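Same order as they appear, the protein sequences are chains B and U.
So the first sequence is numbered by my numbering: it starts at 1 and just counts up by one.
So the second sequence is numbered by my numbering: it starts at 1001 and just counts up by one.
Hints may be right or wrong, so weigh each one.
Said to hold, decoys possible - Mimicking DMTMM-like on lysine to aspartate or glutamate, the simulated pairs with C-alpha atoms at most 20 Å apart in a straight line are:
1. Lys18/B with Glu124/B
2. Lys1449/U with Glu1467/U
3. Lys1329/U with Glu62/B
4. Lys1291/U with Asp48/B
5. Lys1440/U with Asp1284/U
6. Lys1291/U with Asp84/B
7. Lys1624/U with Glu1438/U
8. Lys1449/U with Asp116/B
9. Lys1395/U with Glu19/B
10. Lys1449/U with Glu123/B
11. Lys51/B with Glu1280/U
12. Lys1457/U with Glu19/B
13. Lys1624/U with Glu1002/U
14. Lys1218/U with Asp1228/U
15. Lys1440/U with Asp1245/U
16. Lys1445/U with Asp112/B
17. Lys18/B with Asp1239/U
18. Lys1457/U with Glu14/B
19. Lys1291/U with Asp116/B
20. Lys1226/U with Glu1438/U
21. Lys1624/U with Asp1259/U
Claimed, not checked - Derived, one-sided and incomplete: chain B residues facing chain U with beta-carbon distance under 10 Å:
22. Arg39
23. Ala47
24. Tyr60
25. Phe107
26. Gly109
27. Leu122
Since the hints were derived computationally from the structure, they do not count as laboratory data.
What you are looking at is a predicted structure, and each value in this text was computed from that prediction instead of being measured.
Built from N, CA and C at the ideal position, the CB exists for glycine as well.
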Amino acid sequence: MSDRITYERPQIYERLVKEHDVFDSYVDLFVFAAAVGFRQGLKRPNADGDKEMLWANISYTEIYETIAASLAYQETGDPEILSDEQRQLEIMGEYAAGGIELLANRFDGTGDPTVDLAEFVLEEGTLAQADAESPLGEVI
Amino acid sequence: MELERLELQNFRQFRASILEFSRDDDYNVTVIHGDNGSGKTTLLNAFTWVLYGDVNFETGTTQLANEGVMAAASVGDRVEVSVTLTFYHEGDHYRATRSIPYQKEHPEDMLGDPGDATTSLEYGDGRNYESVNNPETRLEQIIPERLSSLFFFDGEDINELAETENEDRIKEAIRNIMGLTILERSIRHLDEVSRRFRSELKDTGSDQLTDLIEREDKIEAQLEQKRDQLVTRQERETDLEQRIDAIGEELENLDESHDIEEDLQTAERRREELVAERNEVEADIRSSLTKDGVLGFALPAIRETTADLDELRKNDLLGTGVSQEFLDKLLERERCICGRRLDEGSTYHERVASMEPAVEADGLSEHAVQTMSRLEFAETYYETLRTDLEDLVSKRRELNAKIDAQTEQIDELEANLASLESPELGQRSPAELQQEREQKREELKDTAKDIGRIEDKIDELEQEAMEIETEIGNAREEKAEAELIRRRWKASVETGDNLESSFTKLQQTVRQLANNTVSERFDSIAHKDEDDLHAVITEDFKLEGRKRVGDQDEQVEMSRGERQIASLTFIGSLVSIARQRHEENADAKYFSGGIYPIVMDSPFGALDNKHRSHISREIPKLAKQVIVFATDAQWNGPVAEELEPRAGMQYRLDFDDGEQAGTYPETDLVMEHEQVASGGASS
């Protein structure tokens, strides 16, 4: 049985993926939500959702594989986790559940969220850049 | 359908006119000629008005009442405007009448306030007549409105049919003329059969199956309703768009508003371009976001992880190196995890091939190495993303500003129009036109929204229907009897699907039939000119001109005259196909094919004499009964030469333009000439 988790797929998935075409697939949004959740320190335990996310979906895209590994390593500090794909998927799922809640609140209108989302991403980039460059970033 | 007589009462410039149609087999043409403006188009409209309530006047049905009669009426009087058409169809004699009373509201009122229209249809054998309860439905069965544009048309229609973007019209014409073919009949029968099986299944099947079937029934009913709604909205949408365009033209034609309207149309076009640009920018934004948007958030984690792993590796804490398997995989892919190509013979290939695998690699450092090497790529992608995204977002802001500026300009111009309130003689003022246009635009927006909603709902319902159908198809019934019925039902559905696809093939067959006739008839005209020009209906249902060049048939532009001839022969071919099928399906249960007359308004356009002659020669062959309108100028020369010998009835329109004091526009329909073959008219 290949590595997989179950997850919940709230309405925001439909909106961003199907309705407004901002993300190509549910997987893309899932990974995005996980990254957001991680950055904001938001985790939710994996609910018994009726949707499935397979590791194969994630590993299909190289950078997503790397993100899964990095999030899991940052979470546990254990290098062994780099070869534990099931665990990586579970951790990613927890952050995705947290991140998607933030996204659902932040982009809860009915209009086209494309530009808002773009600005959201740019904002974060600025912060991340600042983090990386500040000498304090190493200490914090 | 064979036309007998058209009676007009107070219908525009016709006070009390009677038009009898020739019903002779040999002298099968009825000619009506008169100057421009004398009432030919009005007569054409009289047909569509009495049959369907449709008119194609600029003013719609608001100026139908005869001015002279209105002028003579007293305030409060009702002027009865009516048209009666008598005709023969399938052995019965029919009399269709439509009338509207126009009430004079005040002494200068020339238009009158229209009351409700009444339609009546009687049929009988010449002595005893019965009234039809649903006249509109019955008329629709006899000569469906969808066919009306084929059989009542003006010179413009003929031209349009042969234009380049005509394939939809041709497809539609062919589909319409097919009516209900034997194939459609079979499909219907199969539908009935599968419905019967289905209701048996409902009765004998399990509760679960019964539930499913009931749900499916409900959804089908909803779907039908929604589809009807959709068609109505779409027709309304088209109407509105046409009306809005017409208003634009009117505004351009008025001296007062001409310049403003031109500026307005330019500004609107510019704004459309800008909006399209903005949509493109937004699409680009979306594409960037989906690919690389995640990096903005994930990069810090990747960076830190990489730094940590690097530390661990430096201190030899990461595990025992890479496995042979891992190396083999890289060589097979011919690409290192750092991205470099490992082509055979290259230094890098050698390096990797000669690497010492660890005896007991635990895969840990493989992952680590992979993660670290990908960081570099991630950083590059991210840089690009940021720059692109920033550019796109700011470009969009710029476009928004430009669009706003355009909108301001448009608003100003519209306000200018709205201030031009004084009408030119006999016209509406720019302000009125602009107001109507704005109303229509609002309505158009609402209609578009409705259409969107209905389409979404239809998608939803279709999806549901498919799911239920699958469930039903898969349900295995325990009772053998029920299982048998279920399988039969399934089989009938599948057969129905197969027939539907045959239907499409049949459409092509009819196209070929029509094409043959068109080519034949057209060739017999064109060859005389040594032009070697052919007319064809292509597989995509386009009416095109062709010339033989070497061993290829090349598409060529047809002249206006040639286009008109090609269109006329196409219509003629459809009419004859319809007659053929009608004659072949003597006991057809459903309406399939029929005999139709053709009524055409000025099919001669601005053609030279040679083409007029050709067209005139074609006209009697087009249908059993042909009614032709022509201007006096067109009537002289080759047209009269060709048609007079074939005209069973010939009329002239004497028009008084009502310019003199005390007179009003009025046309007198004068019979000039009547002839019948000794064999007499068919009945």
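These are the hints, each one checked on the structure:
With a CA separation close to 25 Å, the supplied pair Lys18/B and Glu124/B exceeds the 20 Å bound. Annotation: proposed proximity of Lys1449/U to Glu1467/U is violated, straight-line Cα distance about 27 Å (limit 20 Å). Between Lys1329/U and Glu62/B, the direct Cα distance comes to roughly 16 Å. Compliance with the 20 Å bound is thereby established for this hinted pair. Between Lys1291/U and Asp48/B, the direct Cα distance comes to roughly 28 Å. Violation of the 20 Å bound is thereby established for this hinted pair.
For the given pair, Lys1440/U sits about 34 Å from Asp1284/U by alpha-carbon distance, which is inconsistent with the 20 Å threshold. A hinted pair counts as satisfied when its Cα atoms are at most 20 Å apart, and Lys1291/U with Asp84/B does not qualify at roughly 26 Å. For the hint pairing Lys1624/U with Glu1438/U, the CA-to-CA distance comes to about 47 Å; that exceeds 20 Å, so the pair is violated. Of the supplied pair hints, the one linking Lys1449/U and Asp116/B is violated, its CA atoms being roughly 24 Å apart against a limit of 20 Å.
For the proposed pair Lys1395/U and Glu19/B, the alpha carbon gap of about 24 Å is over 20 Å, so the pair is violated. For the suggested pair Lys1449/U and Glu123/B, the alpha carbons sit about 35 Å apart, so the restraint of at most 20 Å is broken. About 33 Å separates the Cα atoms of Lys51/B and Glu1280/U, which puts this hinted pair outside 20 Å; it is violated. Between Lys1457/U and Glu19/B, the direct Cα distance comes to roughly 14 Å. Compliance with the 20 Å bound is thereby established for this hinted pair.
Straight-line distance between C-alpha atoms of Lys1624/U and Glu1002/U comes to about 8 Å, which keeps the hinted pair within the 20 Å bound. For the suggested pair Lys1218/U and Asp1228/U, the alpha carbons sit about 16 Å apart, so the restraint of at most 20 Å is met. For a cut-off of 20 Å, the pair hint linking Lys1440/U to Asp1245/U stands: about 11 Å separates their Cα positions. As the CA atoms of Lys1445/U and Asp112/B are separated by approximately 18 Å, the hinted pair is consistent with the 20 Å bound.
Among the hinted pairs, Lys18/B with Asp1239/U is inconsistent with the structure: their alpha-carbon atoms are about 32 Å apart, more than 20 Å. Note on Lys1457/U and Glu14/B: the hinted pairing holds, with a Cα-Cα distance of about 16 Å set against a maximum of 20 Å. Taking the CA atoms of Lys1291/U and Asp116/B, the gap is near 17 Å; set against the 20 Å cutoff, the hint holds. In summary, the hint linking Lys1226/U to Glu1438/U is not supported, as the alpha carbons are separated by about 28 Å, beyond the 20 Å threshold.
Between Lys1624/U and Asp1259/U the alpha-carbon distance is near 50 Å, which puts this suggested pair outside the 20 Å criterion. Among the interface hints, the one on Arg39/B holds; its C-beta lies about 5 Å from the nearest C-beta in chain U, closer than the 10 Å criterion. With a least beta-carbon distance of about 22 Å to chain U, the hint placing Ala47/B at the interface is violated under the 10 Å criterion. This hint is violated: Tyr60/B has a C-beta 14 Å from the nearest C-beta of chain U, more than the 10 Å allowed.
Hint status for Phe107/B: violated, given a least beta-carbon distance of 12 Å to chain U, over 10 Å. At its closest, the beta carbon of Gly109/B sits 16 Å from a beta carbon of chain U; the interface hint therefore is violated under the 10 Å criterion. Nearest Cβ of chain U to the Cβ of Leu122/B: about 6 Å, under the 10 Å cut. The hint holds.
Checked against the numbered hints given earlier, this structure breaks hints 1, 2, 4, 5, 6, 7, 8, 9, 10, 11, 17, 20, 21, 23, 24, 25 and 26; the rest are met.
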